[in-house]
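Enquirer: Full structure from sequences and hints, please.
These protein sequences, in sequence, are chains A and B. When we follow our numbering, the leftmost residue of the first sequence carries the number 1, and every step to the right adds one. When we follow our numbering, the leftmost residue of the second sequence carries the number 1, and every step to the right adds one.
Just so you know, these hints were derived from the structure itself, not from any lab. Heads up, some of the hints might be wrong.
Residues of chain B clear of chain A, computed beta-carbon distances all greater than 12 Å [unchecked claim]:
no., residue
1, F92
2, R111
3, L194
Simulated coverage check for chain A against chain B, where a stretch passes if three residues somewhere in it have a Cβ under 8 Å from a Cβ of chain B [stated by the list, open to error]:
no., stretch
4, 15-23
5, 38-48
6, 74-81
7, 88-96
8, 104-115
9, 120-130
Built from N, CA and C at the ideal position, the CB exists for glycine as well.
The lines below spell out each chain.
There are 2 protein chains.
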Amino acid sequence: MTARRGRPPGGSQTRSRILASARRLFGERGFEGASVRAIAAEARVDPALIHHYFGTKHALYLAATELPFDPRAPQRLLEPGIEGLGERLVGFALDIWDRPDFAPVIAGIVRSAAADPAAAAQLREIVIRQVLTPLAAALGRPDAELRATLAGSQMIGLAFARLIVRVEPLASAERERIVRAVGPTIQRYLTGDLDD
Amino acid sequence: MTARRGRPPGGSQTRSRILASARRLFGERGFEGASVRAIAAEARVDPALIHHYFGTKHALYLAATELPFDPRAPQRLLEPGIEGLGERLVGFALDIWDRPDFAPVIAGIVRSAAADPAAAAQLREIVIRQVLTPLAAALGRPDAELRATLAGSQMIGLAFARLIVRVEPLASAERERIVRAVGPTIQRYLTGDLDD
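Expert: This is the structure:
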């Protein structure tokens with residue numbers, strides 16, 4: 001007798017629907033607040049199917065909050081040269097934040113980091129260790145780690161102001177406006193003289 | 001017969017001790033998590049005395065999280081002239097944050113703002129409306145509100161990185177180092193060309 005495994009009903013469309021519901025509910029309610037049952041109800045699937053696809057609730061959380069993040073991004077941001085690097089980096093971040101499916105995920109990660117040390121460590125890992133420190137180190141300027149954390153403080157503050165506190169006019173400002181306003185800050189933190 | 005009112009036992013020292021306990025517990029547990037009973041126990045006073053001094057729990061919270069904030073601060077920061085304004089503003093903020101009794105209060109306010117729209121409104125009010133917008137408006141440059149919110153995003157991100165996520169080396173960096181690194185960012189947001 002063959003085990004009842006293999007292709008579950010619906011296939012990859014079902015998986016995407018579960019992920020979209022998980023993003024929305026984890027973003028709104030946090031990890032503890034959003035139950036697998038509620039996510040299943042929102043995605044209109046049986047909770048057992050969530051376990052079939054993702055295993056544990058924690059694995060579902062990791063899959064749902066995984067950013068569409070190309071590991072070669074730091075390299076690609078650097079490729080055109082140092083000039084304009086800060087603006088490219090701000091644009092790169094806004095292109096992720098401005099996706100309606102990811103804005104609540106980013107807000108949820110920052111919100112969780114404010115309350116929970118484990119989530120804060122996850123945020124440090126994503127923003128500082130995977131993106132900004134490699135970038136700062138590749139530039140060969142002294143104090144790469146301080147530079148990366150300064151740039152990180154501006155980017156996280158921007159996410160906080162734009163996605164969570166939603167303070168106007170910053171929250172509704174156009175992408176290009178923010179890129180031109182904040183890009184030079186990041187550029188100076190990564191490449192400039194910090195003691196001037 | 002005279003009512004049993006007037007000077008309660010201990011006087012202003014007792015009041016200060018209650019405020020210090022309230023700061024610590026509200027900072028650690030938030031408004032909901034810290035009970036009047038726990039604050040009274042920590043301050044070694046009868047809970048009735050807290051009601052005598054402050055009335056409601058909410059009034060106690062407001063008194064405990066009130067920053068030692070001089071309403072003439074924006075004026076005084078501007079007095080020496082535009083040059084160095086950003087550095088003075090960062091130094092002014094760090095002088096409050098670095099007080100051991102206020103660091104947990106600031107962390108608590110930012111943490112609450114991440115979770116609760118009412119706390120987010122309080123943070124907007126303090127940082128943006130009372131300090132940064134008057135400053136930006138006094139400078140007479142266009143887009144005063146956008147400038148104030150950009151500066152606010154950097155200051156809140158700095159508090160987030162330094163007091164909450166505690167990302168190194170930024171969390172332990174010396175006051176003067178941060179003033180020189182972040183001051184020019186604030187200076188440019190408030191007085192510079194945002195479209196360069």
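Enquirer: Taking a Cβ-Cβ distance under 8 Å as contact, does the stretch 74-81 of chain A have three or more residues in contact with chain B?
Expert: Not satisfied, violated; 0 residues make the cut.
Enquirer: Does F92/B sit more than 12 Å from chain A, CB to CB?
Expert: 17 Å, holds
Enquirer: Does the stretch 120-130 of chain A contain three or more residues whose Cβ lies closer than 8 Å to a Cβ of chain B?
Expert: Answer holds; 4 residues pass the 8 Å Cβ test.
Enquirer: With a cut-off of 8 Å between beta carbons, are at least three residues of the stretch 104-115 of chain A near chain B?
Expert: With 5 residues closer than 8 Å to chain B, the stretch 104-115 of chain A meets the three-residue bar; holds.
Enquirer: Mind taking a look at whether chain B covers the stretch 88-96 of chain A? Criterion is 3 or more residues with CB to CB distance under 8 Å.
Expert: violated (count 0)
Enquirer: Closer than 8 Å, Cβ to Cβ, for at least three residues: run that test on the stretch 38-48 of chain A against chain B and report holds or violated.
Expert: The restraint on the stretch 38-48 of chain A is violated, since only 0 of its residues have a Cβ under 8 Å from chain B and three are required.
Enquirer: Can you confirm whether chain B covers the stretch 15-23 of chain A, using C-beta to C-beta distances below 8 Å and requiring at least three such residues?
Expert: violated (count 0)
Enquirer: Using Cβ atoms and 12 Å as the threshold, tell me whether R111/B really stays out of contact range of chain A.
Expert: For R111/B, whose nearest Cβ neighbour in chain A is about 5 Å away, the distance does not exceed 12 Å, so it is violated.
Enquirer: Against chain A, does L194/B hold up as non-interface, every C-beta pair farther apart than 12 Å?
Expert: L194/B is in fact no farther than 12 Å from some Cβ atom of chain A, at 4 Å.
Violation of the numbered hints given earlier is confined to hints 2, 3, 4, 5, 6, 7; the remaining hints are satisfied by the structure.
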